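Novice: Residue numbers (this note's numbering), protein chains in the order written: chain A, 573 to 951; chain B, 5 to 100.
There may be inaccurate statements among the hints.
[Said to hold, decoys possible] Beyond 12 Å from chain B on every Cβ pair, some chain A residues (computed):
1. S693
2. T701
3. S712
4. D773
[Unchecked claim] Pair ranges (Cβ atoms, derived):
5. A:G704 to B:E57: 29 to 37 Å
6. B:G32 to A:M867: 33 to 41 Å
7. A:M867 to B:E57: 20 to 28 Å
[Unchecked claim] Chain A side only, calculated, beta carbon under 8 Å to chain B, not exhaustive:
8. N771
9. M815
10. H817
Just so you know, these hints were derived from the structure itself, not from any lab. All figures in this text were calculated on a predicted structure; none of them were measured in a lab. Ideal Cβ positions, reconstructed from N, Cα and C, are used throughout, including at glycine.
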Amino acid sequence: MSDTACSCDTNAASGNQRPCFVRSAECITAFGDSSATLGKLLEGRVALAATPALMADGGELVPMALRGTFREGSPPRWWEDLLEFLSPVASGGWGSARSPVFFASSNFGIDGLYSTGKRRSSADVPFSTPHGCVQRLRESMGWGPVCWILSHACVSAQLAMDRAADAVSSRRADRALVVSFDYVGPFVSGGFHALKILNTDMPAPFGDVGIGSIGLGDGAGFVEISAEPSKFEIAALGTYNEMYHFTSTEPTGSGFRKLLEPMADRLRNCHPWIKGHGTGTLEPGRIEARTLEEMLPSSPLVSWKGSIGHTLGSCAAVELAIAMCAVDFGSIPGTVGARPPYFATNVMSAPFSPADHDSVLLLCNAFGGAHGSMLLRYD
Amino acid sequence: MSTDLVHELKGLIISTLDLKDLDPEQIGDQDPLFGEGLGLDSIDGLELVVSLEKNYGIRVSSSEESRAMLQSVAVLAAHIEAKQRELHQVPESPHS
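Chain A with its partners taken away, still in its complex shape (with noise of 0.2 Å):
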């Protein structure tokens, strides 16, 4: 099952709906959680590391950061990693009419799959499809039966948090949780690699270099959305597809503009920071920079994609749980993984304050020139 969004559609509350916030975001990357990731992130650390690209089948050394060493077996490797980041929520009541699950990922369990596929056995499968991954972790979790599964490459979260809130803010339930994860493995690390976008080269987010790579990282968030309100509010949501080209976006950053063009009054009451998708990819990565330069000359911009690696269709969950942990703790973290000269002079490399804005706007893409977007305002 999933569900593809190719239209441009913005959640701003408004006549039958009703507002609805981030009540609370957690993730886990290659450092730990939010708030071990974000440390690390403050002081400029790379959990990046030269990792074979078919991992324990060898290949070219490609920037990977994962959560342990990677092993093929079952129960897959990020199993019990998962069981336990999401001990949090397991007791929530989750799973019901009122209150929604949204689980959300690029991949599940697909290197299952390559594993069965490799070593004749079938221990895998069971972990290795969408269905297969969410009734186990229902099961374990104790949640309900209902729940949405999404998948559309690496703005996968973030269609799930926009379906959730549209969920919450059209009353149809009281709240939602997002569920995200994405584990590297020989399968989606190959396919990066044949695309000639996952190479030696270390990631460099919005740095003017000669050549381009994303490095992969282990991730997984949740998030969970309700009308109750808290510090933060989504003040909008967008999802936009351009249809352009598999590993770059359209060239005069139309795809940025037509994305945010339905935000546009929002975005003028706010003064945001930007969490911009920068995967370290060069065309797409200049694309970005620029465009919002010229759309929000003073809204700073960073990626942490240099550091933490490409966490896939969870990006926008883990992304989302770092800046509020950031927001909390006061301090956000600078673009890491990247040196001048930058694409665009809004790109911030240090730390700074989030009291200086109000909002922040989250930004993620995927393959074919998939846009999703989230403005966060922020007491």
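For this one, chain A is given, so just place chain B on it according to the hints.
Specialist: Coordinates of chain B only, in the frame set by chain A:
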């Protein structure tokens, strides 16, 4: 730049991308392969790179390199020749 290689590459482009209505002679050496030239898209580009890696034993490591080499058949031929020279270069022995 070898004219044989240029002709061979035009044939490879046609066969790899299944451009049945096109003859090698219709592709100019300097014609842009993407956009207004031959009109290839990003998927065509990747298919072509994979085919070039297999046929010429070269390695293309990044999308930037891929984009640079696929400007035209002439640029592509020069790039392949340079890559092959690198591959066949025998390192000098430190004792020689």
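Novice: Grab the minimum C-beta distance from M815 of chain A to chain B and call the hint holds if it beats 8 Å, violated otherwise.
Specialist: With a closest approach of 11 Å, the M815 of chain A hint is violated.
Novice: Against chain B, does S712 of chain A keep a CB gap of more than 12 Å to every residue?
Specialist: holds (40 Å)
Novice: Take a quick look at D773 of chain A and tell me if its Cβ sits farther than 12 Å from every Cβ on chain B, holds or violated.
Specialist: violated (7 Å)
Novice: For the hint 20 to 28 Å, verify it against the beta carbon of M867 of chain A and that of E57 of chain B.
Specialist: violated (39 Å)
Novice: Could you check that no beta carbon of chain B comes within 12 Å of the beta carbon of T701 of chain A?
Specialist: holds (27 Å)
Novice: Take a look at whether the Cβ-Cβ distance between G704 of chain A and E57 of chain B falls inside 29 to 37 Å.
Specialist: holds (35 Å)
Novice: With chain B as the partner, please determine if H817 of chain A meets the hint condition of a C-beta pair closer than 8 Å.
Specialist: holds (5 Å)
Novice: Verify this label for me: S693 of chain A is non-interface relative to chain B, using a Cβ-Cβ cutoff of 12 Å.
Specialist: Non-interface label on S693 of chain A holds, nearest chain B Cβ at 30 Å vs cutoff 12 Å.
Novice: Classify the hint on N771 of chain A as holds or violated, based on whether any CB of chain B lies nearer than 8 Å to its CB.
Specialist: holds (5 Å)
Novice: Taking the CB of G32 of chain B and the CB of M867 of chain A, does the distance hold inside 33 to 41 Å?
Specialist: Distance hint for G32 of chain B, M867 of chain A holds at roughly 40 Å.
Hint check: violations occur at hints 4, 7, 9; the rest are consistent with the structure.
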